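> For reference, the chains in residue letters:
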Amino acid sequence: MLREESLTYGEYIIEEGWRGSINNRMVLNVKRVEHGKYVYERYEGDRKVASRFIDTSVSNRLHLCIYPVVPVYTPQPANYAKHLLLKFKDPLVMDTKSSLECYIKMPVEVGIFEMYDGRTTLIDVFATKLIKYALYGMSDNGVICRYRESTVYFDVPKAEPLAEAIAHVRLHNYLDRIVTVNMLVIPIEGIDLYYNGVEAMLDTVNAVIKQGVRNEIVEVKVEEGSESGWSKTHVNPAIVTRSYTMELGF
Amino acid sequence: MVEEIALGTIEILGTRIELLKVLISIAIVAAGVVIARLVRIPVSYFLTKYAPQAAPLASKAVFWIIVGIASLSAIGNLGVELTGVLLAGGIAGIIIGFAVQSTVANLFSGLFMQIDRAFRIGDAIEIAEMNVAGVVTDITAFSVVLRRFDGVYVRLPNEKIFTSQIRNFGRNVARRVEVTVSIAYKEDMGNAIEVIKKVIDEEPRILAVPEPRIMVWELGNSGVNINVWCWVPTQEFFNVRGELVRRIKEALDANGIEIPFQQVTVWFGDKGNRREERSRLPLLDE
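Residue numbers (my numbering), protein chains in the order written: chain E, 820 to 1069; chain H, 15 to 300.
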């Protein structure tokens, strides 16, 4: 029987068919064409923008996972950004030897995965909102990042459904001077997000401002293990702590 | 022929040599082989890291040079006169040197290029002096192989590349796309800039930082020229450039902004002369 609903993150067991929509603007359509064979289609308005044929002859049902994923997949082939540059709309001024906790919004993409035997395979990925790129540093020594300008919040903000995630950030200033922080570069490749309905969240980002060998740096680390109680995506098989050292200014 | 003559000596090709010296010579060669192997390991490790293409050849050369020196020392230890051998070797070396001059030059240029690291396999490069551009598919001890952008295989000697100016399109992570857009003099420049800005903002592959620049660049012969500079990931340079020009044209058309053709207005200074000109061409008038 065909199920039709508003799109939310989660795992779906599909037998006959399924249809999910985002504000009637984008529609995902899955239908069984014959025994163990499905067709996945994505429409923007009336225009079909993606189509996949999925063979599930072994299980004869489709285990589909709709997950928030870090914004490194679109527009395809997009294999050149592994970091996210979050620029603060209002720079943070931090006192010497101080710490603060805040929240920022980051962009996410929506990944459609087929799950079989506990492993996920990416079928389709899209962004519901435009995500730009930015260059951190200079063209000869810099890094291409996904980019978003975000306000700094001190209470958990409301993120845009299916388009944004909340990142909890802990900043520590180990320097003997007051610093102004304008941006953070977060290593996001290979990180699983947490989800709850249409909301998404990143693990805690720990950023330490300190004196490096040549200049002042920020060591940014995404720490595994959130205690939110939200479900975690199963996109990346290995749990790896990601870190990045911002040596080209902050 | 080897024949035992007396205790502690042997005769090799008519020369009587002490057995101890023979054993020392064998030990020298064996020590040379061991040292050569030991030296080869760090050399190979270093070259694999910094000049991977040259590593196998160079590490073999290091091995055989050390073994060769050890062998000459061993022969010298036996009392064999090496002056003649070295003299002959020197003359032969000069002759061979002249004969393989370009080969050796290519070999050393290849080694220096590996150290210089001007490009890697997979980079898109242009050698201006040789009027060739393409993607590097192989770097050997003697040559660089390019796949030209039209798909043709090109082999270039290392020596010539080393002394040429190399433009590497893929070395840096971002490149600047430059597009000049001309609008008619009667059009509102501010409006045209807004239309172009919107196109840029809607293209995800155009970097937000560094910020794109849209500048009224010059008052041209036929229209006002607006320069658009925006940075893109290097891999996307050609895709974005083509797409950007198309989208700007479509957006200007959609907003009724005229892109002028090249125009020339001719003014005649004297009407009387013009009439005279026309009167001289009755056939054309008819």
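Mixed in with the good hints there might be a few duds.
As the list claims (entries may be wrong) - For lysine-lysine, the following BS3-like pairs were computed, each having C-alpha atoms within a straight-line distance of at most 25 Å:
id : chain 1 : residue 1 : chain 2 : residue 2
1  : E       : Lys908    : E       : Lys948
2  : E       : Lys906    : H       : Lys211
3  : H       : Lys211    : E       : Lys951
4  : H       : Lys63     : E       : Lys906
Said to hold, decoys possible - Computed, partial: chain H to chain E, Cβ under 8 Å:
id : residue
5  : Asn186
6  : Val187
7  : Leu221
8  : Trp245
Hints are computed from structural coordinates only; laboratory data are not their basis.
Quantities reported herein were computed from a predicted structural model and do not represent experimental measurements.
Every residue gets a Cβ at the ideal spot worked out from N, C-alpha and C, and that includes glycine.
> Determine for every hint whether it applies to the structure shown.
Hint check:
At most 25 Å may separate the alpha-carbon atoms for a hinted pair to count; Lys908 of chain E and Lys948 of chain E meet this at roughly 19 Å. Using a Cα cut-off of 25 Å, the hinted pair Lys906 of chain E and Lys211 of chain H holds, with the two alpha carbons roughly 21 Å apart. For the hint pairing Lys211 of chain H with Lys951 of chain E, the CA-to-CA distance comes to about 14 Å; that is within 25 Å, so the pair holds. Taken as a hint, the Lys63 of chain H and Lys906 of chain E pair is broken in the structure, with Cα atoms around 37 Å apart against an allowance of 25 Å.
Annotation: Asn186 of chain H was flagged as interfacial toward chain E, and the flag holds, the nearest CB pair being 4 Å apart, inside 8 Å. Taken as an interface hint, Val187 of chain H checks out: its beta carbon lies about 5 Å from the nearest beta carbon of chain E, inside 8 Å. For Leu221 of chain H, the interface hint holds, the least distance from its beta-carbon to any beta-carbon of chain E being 5 Å, beneath 8 Å. Satisfaction of the interface hint for Trp245 of chain H is found here, the shortest Cβ-Cβ separation to chain E being roughly 6 Å, below the 8 Å cut-off.
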